[in-house]
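Asker: So the sequences go chain by chain: A and B.
Position 61, counted from 1, in the first sequence is what numbering that gives the first Met the number 0 calls 60; the numbers after and before it change by one each time, with no gaps.
Position 88, counted from 1, in the second sequence is what numbering that gives the first Met the number 0 calls 87; the numbers after and before it change by one each time, with no gaps.
Hints were generated in silico from the structure; no laboratory data involved.
Please read these numbers as outputs of a predicted model, since none were measured by experiment.
Treat the hints with care, as some may be off.
To be verified - Reference listing, derived: stretches of chain B covered by chain A, where coverage requires no fewer than 3 residues with Cβ under 8 Å from a Cβ of chain A:
#1 14-25
#2 28-38
Said to hold, decoys possible - From the structure, some residues in chain A lie toward chain B, with a derived Cβ separation under 8 Å:
#3 L3
#4 G75
#5 S79
#6 S139
Don't be surprised by glycine CBs; every beta carbon is placed ideally from N, CA and C.
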Amino acid sequence: MNSLVTKSVIRAVLLILLQGLVFRRIAFQMGDFAFIHLFIYPIIILLLPIRTPKILQITIAFLVGLSIDAFYSSYGIHASAMVFTAYIRNFIIKLLEPHSGYNVDESPTLNKLGFSWFLSFASTLFFIHLFFYFSVEAFSFVFFFEILMNTIFSFIASILIVVLYQLIFRSDY
Amino acid sequence: MKNILLIFIKYGTHLLFIAFQIICFTLIVNNNKAHGDIYDNTKSIFFENFNDKVDQLFDYLKLDEQNDSLVRENAKLLDIIINQNNTSRKYTSTDSSLLQQYSFIPAEICNKTIHLRNNYFTLCAGSTNGVKPMMGVISAEGIVGITTRVSDHYSKVIPMLHSQSRISASIRGLAFFGNLVWKNKDPKIMTLEAVPKHAPISIGDLVVTSGYSSIFPKDLPIGTISNFKITKGSSNYVIDVKLFNDLNNLSYTYLVNNKLKEEKLNLENNIDE
Numbered sequence: 000m001n002s003l004v005t006k007s008v009i010r011a012v013l014l015i016l017l018q019g020l021v022f023r024r025i026a027f028q029m030g031d032f033a034f035i036h037l038f039i040y041p042i043i044i045l046l047l048p049i050r051t052p053k054i055l056q057i058t059i060a061f062l063v064g065l066s067i068d069a070f071y072s073s074y075g076i077h078a079s080a081m082v083f084t085a086y087i088r089n090f091i092i093k094l095l096e097p098h099s100g101y102n103v104d105e106s107p108t109l110n111k112l113g114f115s116w117f118l119s120f121a122s123t124l125f126f127i128h129l130f131f132y133f134s135v136e137a138f139s140f141v142f143f144f145e146i147l148m149n150t151i152f153s154f155i156a157s158i159l160i161v162v163l164y165q166l167i168f169r170s171d172y
Numbered sequence: 000m001k002n003i004l005l006i007f008i009k010y011g012t013h014l015l016f017i018a019f020q021i022i023c024f025t026l027i028v029n030n031n032k033a034h035g036d037i038y039d040n041t042k043s044i045f046f047e048n049f050n051d052k053v054d055q056l057f058d059y060l061k062l063d064e065q066n067d068s069l070v071r072e073n074a075k076l077l078d079i080i081i082n083q084n085n086t087s088r089k090y091t092s093t094d095s096s097l098l099q100q101y102s103f104i105p106a107e108i109c110n111k112t113i114h115l116r117n118n119y120f121t122l123c124a125g126s127t128n129g130v131k132p133m134m135g136v137i138s139a140e141g142i143v144g145i146t147t148r149v150s151d152h153y154s155k156v157i158p159m160l161h162s163q164s165r166i167s168a169s170i171r172g173l174a175f176f177g178n179l180v181w182k183n184k185d186p187k188i189m190t191l192e193a194v195p196k197h198a199p200i201s202i203g204d205l206v207v208t209s210g211y212s213s214i215f216p217k218d219l220p221i222g223t224i225s226n227f228k229i230t231k232g233s234s235n236y237v238i239d240v241k242l243f244n245d246l247n248n249l250s251y252t253y254l255v256n257n258k259l260k261e262e263k264l265n266l267e268n269n270i271d272e
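Using the sequences provided together with the hints, build the complete structure.
Answerer: Quick look at the structure:
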């Protein structure tokens, strides 16, 4: 149990730094086509142990979001999206529950729950997160086309990175 | 208390979610310029209608006040007209120009200064309304000043509160007259000069226009004597006159059109030659 908390904290810190220092600088741009942004930090919330109290999940999401906002100097936008994702995560977990149920002490990683389960879990939440994030960033559905393009292309790029990350670290990190 | 606690345990996640979202959106709107602009814009669209209604309400409240002052001014004007007709009848003349020697042009004040040494007023009436230079400007309570420059739609007025303004004034009931000038910075007090020291004046006497200048009609009230003294070696009084009208709080004026002014000036100039 204790090691689980330590692992989660270390993972969160490393991923925040990775996102803020490395992925923030990576931008694919071809002329007008600048819709790919890499967001891997939602994985921090996705990989919290299933048993984590919901209130704690939302609070962690808020704090992680604020740290990311500090890197992006976009006060509150990432935090808002993260809180929303954490709130939705519980419903998605309930929705995708396998017949055998979960081992509630563990994190829902690819290694534990299988490739197809993890892909549907991560892609659902990533899509929701990115759509919410870009909506809040634009702050008006006048820019719906941009929101949609940003969401779709960033989603494809980000989910690729996340699955690769899970395949490389085949343990429950 | 217990119920509140139970509600929080049951719905804590949802409440916390809402609380965090409120915090986030407050942060977003206050710290990101683009988002703040969009928020302000949206808010103004929703509240514009409401604000308009409130503005209308306040306009109505003001309307009452304006009506009051307009009614008073009308009454005053009626009074002036009746007086005029009475004086005109004394001539028992059939000349129609004598029956209505003075006509009045209403004008709103567009711009004014009060606190300078040399103040200026601008009226929203110009030559298209019949305004000419050197016309007298009066209000409901007293006189205001004299027009100097006139454009198509505006005219510039040298008010009484100007270092160069000289208005011929006398004391009601007496034929003595003097020049009304503005010496101190108090916009309620003017000084009447050149009234000889044998004139029997006292504090509270009414100061009126003399009518000698052909700019203002005769006997328009200006103010009351608040103080007077004789400087050493002088044969004239220095009289402080407290004005009736407050130029600070004035929005409507009337321009005096004297139809016989040209005739009088021509005659006087011929004498000079």
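Asker: Could you tell me which of the numbered hints above are not met by this structure, giving the numbers in increasing order?
Answerer: Checked against the structure, the only hint that fails is number 3, while the rest are satisfied.
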